[in-house]
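> Each chain, written out:
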Amino acid sequence: MSDAILETALSTRRAFAARGWREWSGTMMLLALITRAKATAWLLIFPAVTLPIWIIGSERGWLAEQILPRPADVLHTLNEMLASGELAQHVGISLLRVLLGFAVGAGAGLALGAAMGLSRRVDDHVRPLFTAIAQVPALAWIPLAMLLLGIGETLKIVVIAKAAFVPVAMNTSAGIANVPRALVEVGETFRFSPLQMLRHVVLPGAVPPIFTGLRYGLTHAWIALVSVELLASSEGLGYLLVWGRQMFWLDTVLVAMIVIGIIGFASDKLLAAVEARLQRWRTDGV
Amino acid sequence: MASENIATPSATTALRRGLVLPLLLLVAWEIGSHSGLVNPQFLPPLEKVAGVAWQEVANGELPHALAASLKRDLLGFALGAGVGILVGLLLGLSSIADRIFTTWFNGLKQIALLAWIPLISLWFGFDEAAKIVFIALAASIPVILNTVEGVRSTSTKLREVGEVFRFSGPQLVWSLYLPAATPSVLTGLHLGLIYAWLATIGAEYFMAAGPGIGGLIIAGRERFEMALVMLGIVVVGLVGFIVDRSASAIEHRLVRWRNV
Numbered sequence: 001m002s003d004a005i006l007e008t009a010l011s012t013r014r015a016f017a018a019r020g021w022r023e024w025s026g027t028m029m030l031l032a033l034i035t036r037a038k039a040t041a042w043l044l045i046f047p048a049v050t051l052p053i054w055i056i057g058s059e060r061g062w063l064a065e066q067i068l069p070r071p072a073d074v075l076h077t078l079n080e081m082l083a084s085g086e087l088a089q090h091v092g093i094s095l096l097r098v099l100l101g102f103a104v105g106a107g108a109g110l111a112l113g114a115a116m117g118l119s120r121r122v123d124d125h126v127r128p129l130f131t132a133i134a135q136v137p138a139l140a141w142i143p144l145a146m147l148l149l150g151i152g153e154t155l156k157i158v159v160i161a162k163a164a165f166v167p168v169a170m171n172t173s174a175g176i177a178n179v180p181r182a183l184v185e186v187g188e189t190f191r192f193s194p195l196q197m198l199r200h201v202v203l204p205g206a207v208p209p210i211f212t213g214l215r216y217g218l219t220h221a222w223i224a225l226v227s228v229e230l231l232a233s234s235e236g237l238g239y240l241l242v243w244g245r246q247m248f249w250l251d252t253v254l255v256a257m258i259v260i261g262i263i264g265f266a267s268d269k270l271l272a273a274v275e276a277r278l279q280r281w282r283t284d285g286v
Numbered sequence: 001m002a003s004e005n006i007a008t009p010s011a012t013t014a015l016r017r018g019l020v021l022p023l024l025l026l027v028a029w030e031i032g033s034h035s036g037l038v039n040p041q042f043l044p045p046l047e048k049v050a051g052v053a054w055q056e057v058a059n060g061e062l063p064h065a066l067a068a069s070l071k072r073d074l075l076g077f078a079l080g081a082g083v084g085i086l087v088g089l090l091l092g093l094s095s096i097a098d099r100i101f102t103t104w105f106n107g108l109k110q111i112a113l114l115a116w117i118p119l120i121s122l123w124f125g126f127d128e129a130a131k132i133v134f135i136a137l138a139a140s141i142p143v144i145l146n147t148v149e150g151v152r153s154t155s156t157k158l159r160e161v162g163e164v165f166r167f168s169g170p171q172l173v174w175s176l177y178l179p180a181a182t183p184s185v186l187t188g189l190h191l192g193l194i195y196a197w198l199a200t201i202g203a204e205y206f207m208a209a210g211p212g213i214g215g216l217i218i219a220g221r222e223r224f225e226m227a228l229v230m231l232g233i234v235v236v237g238l239v240g241f242i243v244d245r246s247a248s249a250i251e252h253r254l255v256r257w258r259n260v
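Note that the protein sequences, when read in sequence, are chains A and B. Under our numbering, the final residue of the first sequence carries the number 286; numbering is consecutive throughout. Under our numbering, the final residue of the second sequence carries the number 260; numbering is consecutive throughout.
Source of the hints: derived by calculation from the structure; they are not laboratory data. Since this is a predicted model, take the numbers as computed values, not measurements. All C-beta atoms in this analysis are idealised placements derived from N, C-alpha and C, irrespective of residue type, glycine included. Careful, some of the hints might be misleading.
[What the hints assert, rightly or not] According to the in silico footprint, chain A covers these stretches of chain B (three or more CB under 8 angstroms from chain A):
hint, region
1, 14-21
2, 62-76
3, 118-124
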C-alpha cells in the first residue's frame, strides 16, 4: 500500500522533472535565438547607417565616381566578373601561386626547423644567417628577386616561399627544442631509438607549435602574394587591384579587396579550427 | 639529439659556429663575382656594394632618403597610434560600440594591408598625405586590438575600487583603465612600430613620389643597379632591427614599475 503511494509520487515527480527540463531547454533555445537575433540587429546598424549615405551621396554626385562609385555599380561589376569567369580566373591563379609557394617554403621551413630543433650544432651554425634573412621583410626582397629572377612565375613562388619559410622554420625549431626534458629522459630510460624518440616523444609535443608556424606561414604567404602581384604581375588578384587603379575603376578595386578579405578570412578561420582540434587532441592524448 | 642538447657549448663556440656560414657565403660571393662565374650585374663584388654605400652616404643621398622615410614612418605611426588607442578604448569600454563595430573591424582587418594602397592612392593621391594615411592605417590595427584586450582584462577588483571612489567617466578611463591596460597597449604600440616601418617601405614602393628608402630600392631596380638595391635592403633590415630593439627596451623600462 505505502509502496504504491511512493511509486505514484516518484513517477509524478519524474514526469514533472522531465517536463520541467523540456520547458527549460526550450526556454534556453529561445533565449539563445533572441541573443543571436539581437547581435545581428546590432551588427546591421553600421551598414544601415552608412549604406544609405553612400547611395544618396553617389546618386547626387557628392563625390566623383572615381572616388566613390555607386554600391549598385560595385555589385554589377562583381556579378559581371563572376559571370564572365574573369574573377574565378584571377582567384584561381592567385590561389595556385600561394599554394605552390607555401608548399615550397613550408617544406623547406619544416626541414630546416627540424634540423635546428634537433641539433644544437646545426642551430648554432644556421641561426645568425637565418635571423639576418628573416629580419628583412619579404616586401623588401621583391626588387632584388625581380632583378635576379625576372618577373615570371619563379619570382612569385620564391617570394611567397620566403614569406612562409621564416615562421615555419622558427616555430618548428622552437617547438622541437622545447619538448620537455623530462619526456626526453623517459624516452632515454626506455632506450628509444632516434626514430621512436621522434615518433613518440618529439612529434606529439611539437605538433601544436609547428602547426601554429604553418598557420602564420600561410598568412604571410597570402600577404606576400598580394605584394608581389601588386609589383609584378599581369594576372591574379593583386594585378586586378593595380589595373583597376590605373583605369580609375574603383568598383574593380573594391571587388578585388573584398575577395582578398574573404579569402584571408576563410583561410584564417579554417586553420584556427584545425588548430583548436589539434590542441584538443594533444590534451586528450597526453 | 638529446645528448647534444644537454652539453651546452660555450658562447664562443656558438659565435664561431655562427660565423662559418656567413663567411663562406661572402667568400663564395667574392669568388663568384670576380671569376666571372656569375654575371657581376647580378652579383656585384662586395667592394662595389661598399663603394656605392660610401658614395650614397657621401653625396647625402642615403641620409636624405633615410630621414624622409623615418619622418614619414614616425608621423604615420603617431597618427595611427593616437587613433588606435582612442578606437581601442571605445571598443573596449562601450558595449554598444563593441556590438556595432567589432565584427566589421575584424572583417576589414582580413584584407591584406597592401591591398589598401590602390584605394588610398585613388582617394589621397600619390604624395605625402596618402603615404601617411596608409602608414597610420597599418600602425593602428595592432594598437586597436591590444588596447581592447588591455581594457577588457582590467580586473574586477580595480573596477570596484573605481566604483567605491565614485570616479567620473573620464577619471575612470584616465586613472584606472588606461594604467591597467598599459602593458597591453605598449605591446600594441611595439607591433604598430614594426607594421609602420613595413608600411613605409610599401607606401614608397607604390606611391613613388619624393625621397625615401623604398624609392631608392625601386630606382635601383629600374636602373639595374644591384649594389644600390642591396644597400637599400640592408638599410631596411637594419632600421627594422633597431626600431624593434629600442621598442623592446622602452617597453621593459615602462612596465617595470608593475613588478615593484
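> Does each hint fit the structure? Answer for all of them.
These are the hints, each one checked on the structure:
| no. | hint | result |
| --- | --- | --- |
| 1 | 14-21 | holds (count 6) |
| 2 | 62-76 | violated (count 0) |
| 3 | 118-124 | holds (count 5) |
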